[in-house]
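As you go down the protein sequences, you meet chains A, B, C, D and E in turn. With our numbering applied, the first sequence covers 1 to 503. With our numbering applied, the second sequence covers 1001 to 1329. With our numbering applied, the third sequence covers 2001 to 2274. With our numbering applied, the fourth sequence covers 3001 to 3308. With our numbering applied, the fifth sequence covers 4001 to 4351.
Certain hints may be false.
[Said to hold, decoys possible] Incomplete in silico selection of chain C near chain D, CB under 8 Å:
{"id": "1", "residue": "Met2011"}
{"id": "2", "residue": "Ile2053"}
{"id": "3", "residue": "Ile2120"}
{"id": "4", "residue": "Leu2249"}
[What the hints assert, rightly or not] With a straight-line Cα cutoff of 27 Å, these simulated DSS-like cross-link-like pairs (lysine-lysine) come out:
{"id": "5", "chain 1": "B", "residue 1": "Lys1302", "chain 2": "B", "residue 2": "Lys1225"}
{"id": "6", "chain 1": "B", "residue 1": "Lys1102", "chain 2": "D", "residue 2": "Lys3160"}
{"id": "7", "chain 1": "A", "residue 1": "Lys123", "chain 2": "D", "residue 2": "Lys3091"}
{"id": "8", "chain 1": "A", "residue 1": "Lys261", "chain 2": "D", "residue 2": "Lys3160"}
{"id": "9", "chain 1": "E", "residue 1": "Lys4095", "chain 2": "C", "residue 2": "Lys2178"}
{"id": "10", "chain 1": "E", "residue 1": "Lys4162", "chain 2": "E", "residue 2": "Lys4138"}
{"id": "11", "chain 1": "A", "residue 1": "Lys341", "chain 2": "A", "residue 2": "Lys463"}
{"id": "12", "chain 1": "B", "residue 1": "Lys1073", "chain 2": "B", "residue 2": "Lys1102"}
{"id": "13", "chain 1": "C", "residue 1": "Lys2161", "chain 2": "E", "residue 2": "Lys4107"}
{"id": "14", "chain 1": "E", "residue 1": "Lys4127", "chain 2": "C", "residue 2": "Lys2178"}
{"id": "15", "chain 1": "D", "residue 1": "Lys3223", "chain 2": "C", "residue 2": "Lys2191"}
{"id": "16", "chain 1": "E", "residue 1": "Lys4138", "chain 2": "C", "residue 2": "Lys2178"}
{"id": "17", "chain 1": "A", "residue 1": "Lys248", "chain 2": "A", "residue 2": "Lys375"}
{"id": "18", "chain 1": "B", "residue 1": "Lys1064", "chain 2": "C", "residue 2": "Lys2266"}
{"id": "19", "chain 1": "D", "residue 1": "Lys3227", "chain 2": "B", "residue 2": "Lys1102"}
{"id": "20", "chain 1": "D", "residue 1": "Lys3091", "chain 2": "B", "residue 2": "Lys1064"}
{"id": "21", "chain 1": "B", "residue 1": "Lys1275", "chain 2": "B", "residue 2": "Lys1258"}
{"id": "22", "chain 1": "C", "residue 1": "Lys2178", "chain 2": "E", "residue 2": "Lys4164"}
{"id": "23", "chain 1": "A", "residue 1": "Lys204", "chain 2": "D", "residue 2": "Lys3204"}
{"id": "24", "chain 1": "A", "residue 1": "Lys503", "chain 2": "A", "residue 2": "Lys463"}
{"id": "25", "chain 1": "E", "residue 1": "Lys4012", "chain 2": "E", "residue 2": "Lys4215"}
{"id": "26", "chain 1": "A", "residue 1": "Lys255", "chain 2": "D", "residue 2": "Lys3227"}
Worth flagging that the hints you see were computed from the coordinates, not collected in a lab. Just so it is clear, the structure is predicted and the values come from calculations on it, not from any experiment. Think of the CB as a built atom: it goes at the ideal place given N, C-alpha and C, for glycine as much as any other residue.
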Amino acid sequence: MKRILQQIIIVVLILLLPAGVLLAKGQKEERALQFALPGNPDTLDPQKTSGTLTFQVLKSIYDTLVEPDQTGKIVPALAEKWSVSTDSLTWKFTLRKGVVFHNGDKLTSRDVKATFNRIRSKKTASPKAKEFGAIKEIDTPDDYTVVFKLKEPSAPFLAALASGWGAILPESLIDSGHNFASEPVGTGPYSLSKWVRDSKIVLKKNPNYWMKGLPAIDTVVLDIIPERSVVVQGIISGQIDIAYRVDKDDLPTLKANPDVKIEKSLSSLILVMAMNSSRPPLNDLRVRQAINYAIDKQKVLDIAYGGGKVIGTFLDYSNAYYKDFTNLYPYDPEKARELIKEAGVTKDTVLQLVLPQNYELHVKAGVMYQEMLTKVGLNVKIKLVDWSTWISEVYRQSKFDLTVIGHTGKLDPDGTLAGYGGMKRYVKWNNPECLSLINKARVTTGFEARKKLYDRALEIMAKQVPFMYLGTNYVYNAIRKDVTGFRMTPKLDTLDFRWTEFK
Amino acid sequence: MGEGEILLHIQDLDITFEPGAHAVRFLELDIRKSEIHGLVGESGSGKSVTSTAVIGLLPSPPAKISSGKIIFKGRDLLKLGKEEMRKIRGREIAMVFQEPSKYFNPSMKVGEQIREMLSLHFGMSRKSAVERVLELFNLTGLGKSNFGGGRRILNSYPHELSGGMKQRAMIAMGIACSPSLLIADEPTTALDVTLQMQILDLIHDLQNRLKMSILFISHDLNVVKHIANRVSVIYAGKIVESAAKGTIFKNPMHPYTKLLLLSIPDPEKRGTPLKTIPGTVPDAESIPSGCAFHTRCPYVRKICEKEIPALKEYENGHTTACHFAGETE
Amino acid sequence: MKRSSVSSRLMLGAVIYLVILGAAAIAAPVISPYSPTDQHLENRFAPPGHKYILGTDNFGRDNFSRMIYGSRSALLVGIVSVSIAVTIGITVGIIAALSTGIIDNILMLLMDSVLSFPTILLAITVVSFLGYGLLQVMTAIGVIFSPVFARLVRAEALSIKTEEYVEASRAMGSPAVKIVFLHIMPNLMGKVVVQASITFALSIVIEASLSYLGLGTQPPTPSWGLMLKDARNYLVQAPWMSIYPGLALAMTVLSFNIIGDTLSEKINPRIVKK
Amino acid sequence: MPLIIFIIKRFFRLILTVLLVSTIIFFVIRVIPGDPAAVIAGIDATQADVAAIRAQLGTDKPISVQYIHWLRSVALFDFGNSMITGEPVTKQILKRFPITLTLATLGILMGMLIAIPLGVISAVKRWSPVDYFGMLLSQIGMAVPSFWLGIILLLLFAVKIHIFPLFGSGGIKYYILPSLSLGLARAAVILRLTRASMVEELSKEYIITARAKGLTERLVKYKHALKNALIPVITVSGIQFGYMLGGAIIIEQVFSLPGLGRLFLTGIYQRDFTLIQGGVVFIAFVFSLINFLVDILYSVLNPKIRVG
Amino acid sequence: MSKSVDSALEVKNLTKVFHGHSFFRGKQETSAAGKKETGDGDFTAVDRVSFTVKHNTIFGLVGESGCGKTTLARSILFLDPPTSGDVIIDGTNLKNLTHRNLRLFRKRMQIIFQDPNSALNPKLSIKRSLEEGLRNQKYSSGKITGRIDRLLDLVGIPVSCKNKYPHEFSGGQKQRMVIARALSLEPEFLVLDEPVSNLDVSIQAQIINLLMDLKKQFSLTYLFISHDLNLVSYLSDEVAVMYRGRIVEQGPVLAIMENPLHPYTKKLLLSIPGNIEKIKNRENAEIFLTGKKPGKDVELFSLTGCSYYNECPVREDFCLKEEPSLRIVGIGHLIACSNDKYLKNQLLYKS
């Protein structure tokens, strides 16, 4: 038997040897920035997806004509400057000179034209095509001038150009039918060096980037790590440099480590519990109001979402068009109970709270909502569904009573508000007045004029409560102390590594 | 006692199994040199337990040898150490089992199974051991061409051989080291009658040639009658009668032996009912007091219930354990 | 004897544990100090103490109460999924064993197909098909394990079929249904019970794994798997959140395995004998 | 029966299984709620956008038409392109498979390395401390969910003692911990089987023969009994290996390994029809193939079954 | 006795072929040597067997393991219906019965198996085992109880034991219960398939006596199957010897015992230990026991003529030409052997 044991030990050693050799081999490469990403972008083609993760990654690979700065103001990017005709129908952009694509092509106006023709084409079947639905035609008077002619005035047009789906692609590759999904080619600060799905995305610095001296770091590695506890341990042990949107519950652990700093910022999310206003008893305003009274919003924000600002209507807290209506429905379970009694809702009426199971925060919030609504006498049952079910059943077909979701902020309020008040939106809330106000605001230019329209629309939404408005949450990015300059684009929440550097 | 030197002397052997089963009770048995000693008994009579004890393979626990001696060539096997006993097994005392299909390792070639014991006991080289195995095959008739020749058997797996061939191979294994005592535990029970005859003849023939002693265990009186020189009858863990073959079949003394012989169907007695022994064979857990056979014995008397009859010699070499041996007829 | 006393003592321990667990599951409302879903938001992550015996979780829910209620899901998962697996398995297995040729082949092909789905993938598929929830998960687990029983039952039934008492029964003119219920079923139940006890344990673990993927029990219903899933993020911060449900899960699985082992040794006398 | 007929028949059976499995999955995923077009379109898209995407994916056609189309392309060994990422399904699967294969291979090896010696010693020395240790280990292995074990291992060996990486993929060092947590659960099963099988073999008649021949205990146990005892162990390990190939999702998730399981999981969540279909055919095929190989291995190991 | 037909059982040209492997599942076991392979894995276990059993007699069937005797028994009772041929019991051809009628008919024919340990369902009490057949025939509960008590009494089992389970009894007792169960439906015809070979010598005699008593008491007809020629000869009125699925010799027991003709019958008879001493002097026993005529053996699968060819000590080349059929050599004495010269010699020698 001794001999058998010896043999076992030998075999184990032989098995472990290669591992040891690999471990011993110290890698002395230049430090790459390690960034923890919770999931995988589906595709890297900016025109064929609506995935947040895709746009977050693409920010480093592509540029847009214009982009939001840190305050959310739209500033020049690939376009040096632009002008608008007085009727707001003709937009003229002058392109920056000397910009080259990763493949060596020079950026010209033809690239811009080809890009927007591609996204508008039926063949592309882009989910973002309608963002550019106002365009009538695109002219290229010379290599560095692009002229967009619109069918009608469009306030959100500039915002669309600044968004991720406004990324400029090289014409030559568009013509050849290049596969942008896995081999993106743009003008961005980084080019894609390697992409191992579900493992990592490696970005290499673009030496010809048009912003002189940027980016600072040669290599950025986006590590795809689905397990939250691994991310936390990774940042503590220094195997990860930046982890964005860490859970508030993990903050004590992270803060205990002297090498980690936490950067807190307000997101642009509009966190809500949506209600299906076409289904009884939610078609009764009193019930919707009751639900708004029943929720201790600050508590849910604090516990489920890691804190934030309570909102009273359907716009993110830091939005320029945001108006405060939080005093309309304060936390008042007594009142909620009364209203429910008044509306005649009993325990026999089951309200189904559908939660998208892949969003842990929404599930958490949902669990809290259910508990709070139960306390005021509603019978709420939770149903978890996966994302695809949520989007096709809940969002597309309104098969739900209550659901929890966060609407991402948009550069232009129209991106958020378009269509509400009409039955096409998933909450099935019918209010022609609100709808017409929003539609009017889209074709109105000038901040003050639009603000007046939106104020009214938001007030209707705040009073009619097709949603239980929760708030805009804080996000916490955990960053190693020796890393600075990591930015997230306001409203779009994309990752911007241009100014990131090691100290 | 009869002629011939005693090779194995079992004295007062007493074996119990854990939950109170008395499998072998103060058993006495002598096996002489160069004799085929038939041990006859029904199932559960303790015949296999005895032979397993002789070869030192009783699993302990649950078995426990509470008293007795097994003297083989002057040494008490029960006092030997494990390693000493192992060296005797296969070399001095070998065993042939009932069902060759179960008692061969199914995943090892037959030749190899015999070869390994030769190498172990004699330190023979592989080549000379293989030679010896082939020789053994010739000896046991396996070398014959109708079996495909010895080399074919050598490289066959047990399941590739027929029942008769397997039993021949088993016997070849038993005699591989030329043991002085071969224990054959019901070696033909699993075989068809025609094959049984061949194997019996083979054993007979080998004994003639190799002059070893054979302890031949069987439940079949006819088989024992055919092959043995001496016969012992075992009942409930005790030898009840022992004698030369001629004597015991002609002149059985113990009532059990007598009745057993009469209960065998004989075509010549067609139409007459068989003599039967009433009742059933007692379990090792519940052996009747006194003479264990008294519950079934037609000649039972008072004393039989109380006293265990001793094994006494009545004629030359004819011993029996009955209070009234020689009286009843 | 040493080993029998050890194994019977283990068996006794396992049975006692399960009886206590079962009693706790039934009497959960009486035993639990708090409602398992009640969120004491001011007492999140409270360590074990006199107010909360086993501490609270990230919503301030009482860990002990959740564990007691969680035993309901655990036992329910075991009972329901094993029942489903056994029912499908016995039906398919016996039909396959009694019918020859094409039906046998088709049934076994079907079972092979189920087997050729890896366990977790099949569970995900079934759950996606039926929707999320405890009942659906139990059904999924039941379906997953049914081929194991079908194969076992078929093999056993095939061998019992050739037993002489079945032949004798046919010779006496017993109809097939009677033979199945009188002779075949009672004699294969022994092995089915052994397999069931092991499957019982496995199904509880699988439910936990599915909960990890978000496919298991629906919140806020407490289940040990769900508790472990939530707890993994607070390993350092609130170890009690994982230790106790983990322990309960391990003990339960252990108990069923011990029972399965003991039963199988009883059924296989060859091993016991020597 | 000649080996070749045996193989042909088994292969035919294998194809039937795969066909059945893939047909079931084809219809099931189309019946369950969820739509790849809606996933691509996202939250802000209009119904018209979704319809356009659906037309492009071909999911607007009648289900029977889709099925026939799919069968036709599968017959040509073309699993199509992923609906979500647009990449060829075959390429994606083949990229992921080596990772899962490595994981499963190492996992089963570790499982066997732990389980077989321990199982054998447990059987030989039944009811000894080694036996109890083995039992304890196997029970723990069975009772602890693998994601839990994985996280504990990570905390111990990637955080507390930094000898293995916390995440990522590449060299063998990335596979040690995941294989270990995968292997430990399997070790439990294999250990129990090894022990039972060894105990059973040791109680068989040929062991008595071996002892009666005067063989040493070591030869009896490790030459005669062990080989026979390992036959069922090896076949079961083979099947366990098959399970691991498809069942490593959770381990891949915990250890951030880009294996087949996660590809498949994402596919299901996103209703990537082509990917799921291709993946199921692949996994069912591999699983059946392994079963098939295990059968052949079994007949090689066990001369009694050997066909011929 | 007023029976409409003279014979209790008539078997005509009964053949049973087993099919090898199905399409999906390969047959795993290799077929044992000595069976007739007819290509593609089929083999003929019983080959055109015919015989007649008269009322109230015992017909003995002798053969070695694998000769097809058990298959024949099962085929006769339609437990596994024959591939071809007829089984006529008391004038009823079983082939013509519907599934349902066959089940009803079963009460008239019963079988007793070799292994009493496997013949009783271990999960049923003795009472439950015994009442199964009675319930099938819709006896009332009260009647059943009375009948079970009488049956147990008949076979010598205390009635008080009827609620016990099989494992509480010895082999001999179990076989008694099996007999009781077989008799429960008052059959006229019983197949006894090696009913005593698993029993101890002292018990064997008890069971045989019991069977003989019962036969007398209920005017039963037995088909007694055994490998033990001595036993069969002791019991039977007529004996048939089977070799590889065929009957090679058949006749009244005295004819077979006194004047066995087929070389295989001779070998069987001589193989019984003890017989050789008795018979040795009578003829040249050694030849038939071990002898074998020189010459080339034929591979089994290509054997066309007499299936005993390879082992036969009196074989001739013409034996390979065609399969010998049974022919009459004495009163009721049939033999399947083509070697006329040998047969003539044998008959001359006898007389």
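Each hint, compared with the structure:
no., hint, in the structure
1, Met2011, "violated, 13 Å"
2, Ile2053, "violated, 23 Å"
3, Ile2120, "holds, 5 Å"
4, Leu2249, "holds, 6 Å"
5, Lys1302(B) x Lys1225(B), "violated, 33 Å"
6, Lys1102(B) x Lys3160(D), "violated, 55 Å"
7, Lys123(A) x Lys3091(D), "holds, 24 Å"
8, Lys261(A) x Lys3160(D), "holds, 21 Å"
9, Lys4095(E) x Lys2178(C), "holds, 24 Å"
10, Lys4162(E) x Lys4138(E), "holds, 20 Å"
11, Lys341(A) x Lys463(A), "holds, 20 Å"
12, Lys1073(B) x Lys1102(B), "violated, 31 Å"
13, Lys2161(C) x Lys4107(E), "holds, 21 Å"
14, Lys4127(E) x Lys2178(C), "holds, 17 Å"
15, Lys3223(D) x Lys2191(C), "violated, 31 Å"
16, Lys4138(E) x Lys2178(C), "holds, 14 Å"
17, Lys248(A) x Lys375(A), "holds, 26 Å"
18, Lys1064(B) x Lys2266(C), "holds, 24 Å"
19, Lys3227(D) x Lys1102(B), "holds, 16 Å"
20, Lys3091(D) x Lys1064(B), "violated, 69 Å"
21, Lys1275(B) x Lys1258(B), "holds, 10 Å"
22, Lys2178(C) x Lys4164(E), "holds, 22 Å"
23, Lys204(A) x Lys3204(D), "violated, 67 Å"
24, Lys503(A) x Lys463(A), "violated, 51 Å"
25, Lys4012(E) x Lys4215(E), "holds, 25 Å"
26, Lys255(A) x Lys3227(D), "violated, 57 Å"
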